[in-house]
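Here the protein sequences come in this chain order: A and B.
The numbering used here runs 27 ahead of the 1-based position in the first sequence.
The numbering used here runs 27 ahead of the 1-based position in the second sequence.
Careful, some of the hints might be misleading.
For identical chains, the list gives no copy identity; a pair is met inside one copy or between any two copies.
Straight-line Cα separation of at most 20 Å, SDA-like style, residue types lysine to any residue; simulated pairs [stated by the list, open to error]:
| # | residue 1 | residue 2 |
| --- | --- | --- |
| 1 | Lys84 | Arg148 |
| 2 | Lys84 | Trp251 |
| 3 | Lys84 | Gln94 |
| 4 | Lys365 | Arg101 |
| 5 | Lys471 | Pro92 |
| 6 | Lys84 | Gly202 |
| 7 | Lys340 | Asp31 |
| 8 | Lys273 | Val180 |
| 9 | Lys84 | Leu201 |
| 10 | Lys273 | Gly181 |
| 11 | Lys84 | Gly149 |
| 12 | Lys263 | Thr228 |
| 13 | Lys263 | Phe226 |
| 14 | Lys471 | Arg458 |
| 15 | Lys84 | Gly250 |
| 16 | Lys377 | Gln344 |
| 17 | Lys84 | Gly252 |
| 18 | Lys263 | Gly227 |
| 19 | Lys291 | Arg128 |
| 20 | Lys387 | Tyr375 |
In case anyone wonders, no lab produced these hints; they're calculated from the structure.
Okay, here's what each chain looks like letter by letter:
2 protein chains.
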Amino acid sequence: MTADQSQVTAELARFVAHTTYDDLPPEVVRETKRSLLNWMGVAIGAAWHESVDILLKLSSEVGGPGQVGVYGRRERVDALDAALINGMSSHIFDFDDTHLRTVIHPSAPIAPAVLSLAEWRGGSAKDIITAFAVGVEACLRIGNSVYPDHYNVGWHITGTTGVFGSAIASSKMLGHDEQSIRYAIGLAAAQPTGIREMFGTMTKPFHPGKAAMDGLRSALIAGWGFNSSEQGIEAKRGFANVLSTKFDPTEITGTLGQEWELLKNAYKPYPCGVVIHPVIDAALGLREKGVTPGNVESITAYVHPLVQELTGKRTPQTGLEGKFSVFHCVGAAIFEGKVGEHEFGDDYVKLEQVIQVRDKTEIAVTEGMREDECRIEAKLTDGSTVEHYVEYASGSIENPLTDEQLDAKFNDLVIPVMGEDHARDVIRIMRNLENERDVTNLVKAATM
Amino acid sequence: MTADQSQVTAELARFVAHTTYDDLPPEVVRETKRSLLNWMGVAIGAAWHESVDILLKLSSEVGGPGQVGVYGRRERVDALDAALINGMSSHIFDFDDTHLRTVIHPSAPIAPAVLSLAEWRGGSAKDIITAFAVGVEACLRIGNSVYPDHYNVGWHITGTTGVFGSAIASSKMLGHDEQSIRYAIGLAAAQPTGIREMFGTMTKPFHPGKAAMDGLRSALIAGWGFNSSEQGIEAKRGFANVLSTKFDPTEITGTLGQEWELLKNAYKPYPCGVVIHPVIDAALGLREKGVTPGNVESITAYVHPLVQELTGKRTPQTGLEGKFSVFHCVGAAIFEGKVGEHEFGDDYVKLEQVIQVRDKTEIAVTEGMREDECRIEAKLTDGSTVEHYVEYASGSIENPLTDEQLDAKFNDLVIPVMGEDHARDVIRIMRNLENERDVTNLVKAATM
Numbered sequence: 028m029t030a031d032q033s034q035v036t037a038e039l040a041r042f043v044a045h046t047t048y049d050d051l052p053p054e055v056v057r058e059t060k061r062s063l064l065n066w067m068g069v070a071i072g073a074a075w076h077e078s079v080d081i082l083l084k085l086s087s088e089v090g091g092p093g094q095v096g097v098y099g100r101r102e103r104v105d106a107l108d109a110a111l112i113n114g115m116s117s118h119i120f121d122f123d124d125t126h127l128r129t130v131i132h133p134s135a136p137i138a139p140a141v142l143s144l145a146e147w148r149g150g151s152a153k154d155i156i157t158a159f160a161v162g163v164e165a166c167l168r169i170g171n172s173v174y175p176d177h178y179n180v181g182w183h184i185t186g187t188t189g190v191f192g193s194a195i196a197s198s199k200m201l202g203h204d205e206q207s208i209r210y211a212i213g214l215a216a217a218q219p220t221g222i223r224e225m226f227g228t229m230t231k232p233f234h235p236g237k238a239a240m241d242g243l244r245s246a247l248i249a250g251w252g253f254n255s256s257e258q259g260i261e262a263k264r265g266f267a268n269v270l271s272t273k274f275d276p277t278e279i280t281g282t283l284g285q286e287w288e289l290l291k292n293a294y295k296p297y298p299c300g301v302v303i304h305p306v307i308d309a310a311l312g313l314r315e316k317g318v319t320p321g322n323v324e325s326i327t328a329y330v331h332p333l334v335q336e337l338t339g340k341r342t343p344q345t346g347l348e349g350k351f352s353v354f355h356c357v358g359a360a361i362f363e364g365k366v367g368e369h370e371f372g373d374d375y376v377k378l379e380q381v382i383q384v385r386d387k388t389e390i391a392v393t394e395g396m397r398e399d400e401c402r403i404e405a406k407l408t409d410g411s412t413v414e415h416y417v418e419y420a421s422g423s424i425e426n427p428l429t430d431e432q433l434d435a436k437f438n439d440l441v442i443p444v445m446g447e448d449h450a451r452d453v454i455r456i457m458r459n460l461e462n463e464r465d466v467t468n469l470v471k472a473a474t475m
Numbered sequence: 028m029t030a031d032q033s034q035v036t037a038e039l040a041r042f043v044a045h046t047t048y049d050d051l052p053p054e055v056v057r058e059t060k061r062s063l064l065n066w067m068g069v070a071i072g073a074a075w076h077e078s079v080d081i082l083l084k085l086s087s088e089v090g091g092p093g094q095v096g097v098y099g100r101r102e103r104v105d106a107l108d109a110a111l112i113n114g115m116s117s118h119i120f121d122f123d124d125t126h127l128r129t130v131i132h133p134s135a136p137i138a139p140a141v142l143s144l145a146e147w148r149g150g151s152a153k154d155i156i157t158a159f160a161v162g163v164e165a166c167l168r169i170g171n172s173v174y175p176d177h178y179n180v181g182w183h184i185t186g187t188t189g190v191f192g193s194a195i196a197s198s199k200m201l202g203h204d205e206q207s208i209r210y211a212i213g214l215a216a217a218q219p220t221g222i223r224e225m226f227g228t229m230t231k232p233f234h235p236g237k238a239a240m241d242g243l244r245s246a247l248i249a250g251w252g253f254n255s256s257e258q259g260i261e262a263k264r265g266f267a268n269v270l271s272t273k274f275d276p277t278e279i280t281g282t283l284g285q286e287w288e289l290l291k292n293a294y295k296p297y298p299c300g301v302v303i304h305p306v307i308d309a310a311l312g313l314r315e316k317g318v319t320p321g322n323v324e325s326i327t328a329y330v331h332p333l334v335q336e337l338t339g340k341r342t343p344q345t346g347l348e349g350k351f352s353v354f355h356c357v358g359a360a361i362f363e364g365k366v367g368e369h370e371f372g373d374d375y376v377k378l379e380q381v382i383q384v385r386d387k388t389e390i391a392v393t394e395g396m397r398e399d400e401c402r403i404e405a406k407l408t409d410g411s412t413v414e415h416y417v418e419y420a421s422g423s424i425e426n427p428l429t430d431e432q433l434d435a436k437f438n439d440l441v442i443p444v445m446g447e448d449h450a451r452d453v454i455r456i457m458r459n460l461e462n463e464r465d466v467t468n469l470v471k472a473a474t475m
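Whenever a hint applies, use it, and build me the whole structure from the sequences.
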């Protein structure tokens, strides 16, 4: 199928305007609900971060009425600030969902915009699911059309494509016609947020929050007649040509509405870089086979070269450094039986039992080992050997997180912040989200 | 002087933090006041545009407290929305100031941020002048460092460099230290707004308004500890390298504080493309020499090729088309003796006496004629000939607008909106701005 390049924005707008809840395949509905649950967990988990406090101060000084709740907290802020704050919060741990091909984290810029509108202006949970699904689909497809050049030159693709996702999902929530959607896309095209130089600072998670806010504002004003280019994506001086040396419009319009890129959204099981994930899976496998800090003599993990390159820190001194230490991660997995935010605490990386295992762990860079694969071997004090093999890391496309793993991740993030009751309620509501008439119950469960 | 490329952001922040009002050369103070007067005129002139109404609706629905006035109107909005709305308004007519080398319109993204802070948080007029001057200086120098590649690829450079100007000017108003300024610059680097595809739509003037708002927000949160890269401009994946194939850091740091790029800011005398300006000057010269619609037989203007290419519309049907018709402009100049917004009204382009002159006008593309030069010749009904020669168009660097011309432009824009009293008061206050203790008088004069 070849695309008429001059019709990309128009075709996308048509798809968005005319897709209904009933058009969504069941697996798209299911994955949308899983994405939203995962997203809510990471948003609540980081809700008390210092950077959130700063944006709440901003909102208290110049913000509007308390229209929407900040998840995991008591404050209410205006709908735009809520999109900004909840969107930023959800990316602080870098533990949100990932479209593996483009490394876009689609929920962070899109979910908070949709939920802001639902709480402020109303809308059923079916509206939310539909708006989120078409917004994510557009965002990921626009990402595919300019990846990898756009990312390689230094754009933080989550922000730059997320603003389209937010504008489009918000337009869908607002019931806009095709022309208003084209205007919203044009406004989004002119407002890319995010460059990779900001990685490692508060500005990185600010990117998707800002994209959520800007997209929501774009949709609102486009609906009131604020006009823009109707070829914002594909025009000679539009988004794709200005921000990328590669542009393949068929990535956007090909099989649109028939195949869903959203189904390739993946969830991290562990709050650290994906290259360590197969190693953590493998170490947890050893533990299930009886390996403990008390009986282990040495551990060798056979890994892809990137594991050494990106996560080879031998003696991490802080929790953050622990995220870049495959050795610490193996130590935590063997000692604790899980690897969550708790196991990346500043005190935790200094636990004696963890350090003991860490220092007995070696990695062997192994030719032919894929990035999502790992073999691990433990020698025990009794002279025996235990092995475990991970063909595909959990959270990969081939081995997605189960609902139970998602729940466990959610609980691990949310219970320390809000307690068990809130965590249980959010999971229960999300599991049957399509039956909620509005977001009243969800907001009650997700705020304090 | 060679720049240490890795210190560009740091050097700029040092300059901003330590420059005081007393460091500003008198001509910089004078040009700042002229820029602010010109800016206020174009902001008030377009204050009742439909796009302003849409943003006011947005502010009434999600905006914060009425902290700052919308110039030319009665509404008061929060400080961020005021930066957005007043910034957009000032670029609607495309009649604001221009840094001719880069085509940056520096006041639109910077003045509204500074004035918002002055009204909301306080600050003397000397603070305003200092903040505006360092903000514009930084904006123009950053523009120079990436021009022309950055513009040629399709960025609307007024927005993309304006957000730096706003962040820096706002930081200066807030009295930030060097580190906070570096953070604000980093935040600005991650939030470029504006692509050229949007020209001709409401989204074009939205760009500098958005830049003003984003820069102001960046400065506020940076001051509260929101961190960012401290090399936002020059890092490998920072602003310059991600958004431009050319980057010359010496354009930013060379002669900083000794030479002022701000002095190269120019003001358009007529609300249309600059290539027509020397022709209008020339036609007005004919009129002063006695040429009228009643006595003219034919007019020939000898012009640069761009005049034909960009403004060759023979029979404009709307006011907007009139802006792209050199023939209409000559007709209006001869008939009316001035060319302002009034002469680009939809009815005005259909005035019989204007059309008569228009249809008797020819242009002759002339080898060697510069863009800002024009010779014109009129044959009269009595057989005689009148000539006029314009060496440099008014509003060029060589022939800048006089204070009287600026006042006339201001009055032409403001009196139809607010009446003579307001116009006179703003001019009087701006002329001696440095003596104002705060912005109370200015705001009173500039709002209704």
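Verification of the supplied hints:
1. For the homomeric pair Lys84 and Arg148, the shortest alpha-carbon distance between copies (15 Å) is at most 20 Å, but the shortest distance inside one copy (24 Å) is not.
2. In this homomeric assembly, Lys84 and Trp251 come within 20 Å of each other (Cα to Cα) only across copies, at 9 Å, whereas the closest approach inside a single copy is 30 Å.
3. Taking identical chains as interchangeable, the C-alpha atoms of Lys84 and Gln94 lie at most 20 Å apart whether they share a chain (16 Å) or sit on different chains (16 Å).
4. In this assembly of identical chains, Lys365 and Arg101 lie within 20 Å of each other by CA distance neither inside one copy nor across copies; the values are 30 Å within and 60 Å between.
5. Taking identical chains as interchangeable, the C-alpha atoms of Lys471 and Pro92 lie at most 20 Å apart only when both belong to the same chain, with a minimum of 18 Å there against 27 Å between chains.
6. Within a single copy, Lys84 and Gly202 get their C-alpha atoms only as close as 33 Å, which misses the 20 Å cut-off; across copies the closest is 19 Å, which meets it.
7. Taking the closest pair of Cα atoms, Lys340 and Asp31 never come within 20 Å of each other, the shortest separation being 50 Å inside a single copy and 31 Å across copies.
8. Taking the closest pair of Cα atoms, Lys273 and Val180 come within 20 Å of each other both inside a single copy (11 Å) and across two copies (14 Å).
9. In the homo-oligomer, the alpha carbons of Lys84 and Leu201 lie at most 20 Å apart only across protomers (16 Å), although the nearest pairing inside one protomer, at 29 Å, exceeds that limit.
10. Both within a single protomer and between protomers do Lys273 and Gly181 lie at most 20 Å apart by alpha-carbon distance, with minima of 14 Å and 15 Å respectively.
11. When the C-alpha separation of Lys84 and Gly149 is checked against a cutoff of 20 Å, the pair qualifies only between copies, where the shortest distance is 19 Å, while the shortest distance within a copy is 27 Å.
12. In the homo-oligomer, the alpha carbons of Lys263 and Thr228 lie at most 20 Å apart only across protomers (16 Å), although the nearest pairing inside one protomer, at 34 Å, exceeds that limit.
13. Within a single copy, Lys263 and Phe226 get their C-alpha atoms only as close as 30 Å, which misses the 20 Å cut-off; across copies the closest is 12 Å, which meets it.
14. Taking the shortest Cα distances, Lys471 and Arg458 sit within 20 Å of each other inside one copy (16 Å), while across copies they are farther apart (57 Å).
15. In the homo-oligomer, the alpha carbons of Lys84 and Gly250 lie at most 20 Å apart only across protomers (12 Å), although the nearest pairing inside one protomer, at 30 Å, exceeds that limit.
16. Taking CA atoms no more than 20 Å apart as the test, Lys377 paired with Gln344 passes inside one copy only; the shortest distance there is 7 Å, against 77 Å between copies.
17. For a Cα distance limit of 20 Å, the shortest separation of Lys84 from Gly252 across copies, 11 Å, qualifies, whereas the shortest one inside one copy, 32 Å, does not.
18. When the C-alpha separation of Lys263 and Gly227 is checked against a cutoff of 20 Å, the pair qualifies only between copies, where the shortest distance is 15 Å, while the shortest distance within a copy is 34 Å.
19. Only within a single protomer do Lys291 and Arg128 lie at most 20 Å apart by alpha-carbon distance; the minimum there is 9 Å, versus 47 Å between protomers.
20. Proximity of Lys387 to Tyr375 under the C-alpha cut-off of 20 Å is restricted to the intra-copy arrangement: shortest distance 17 Å within a copy versus 86 Å between copies.
Consistency note: the structure conflicts with the earlier hints numbered 4 and 7.
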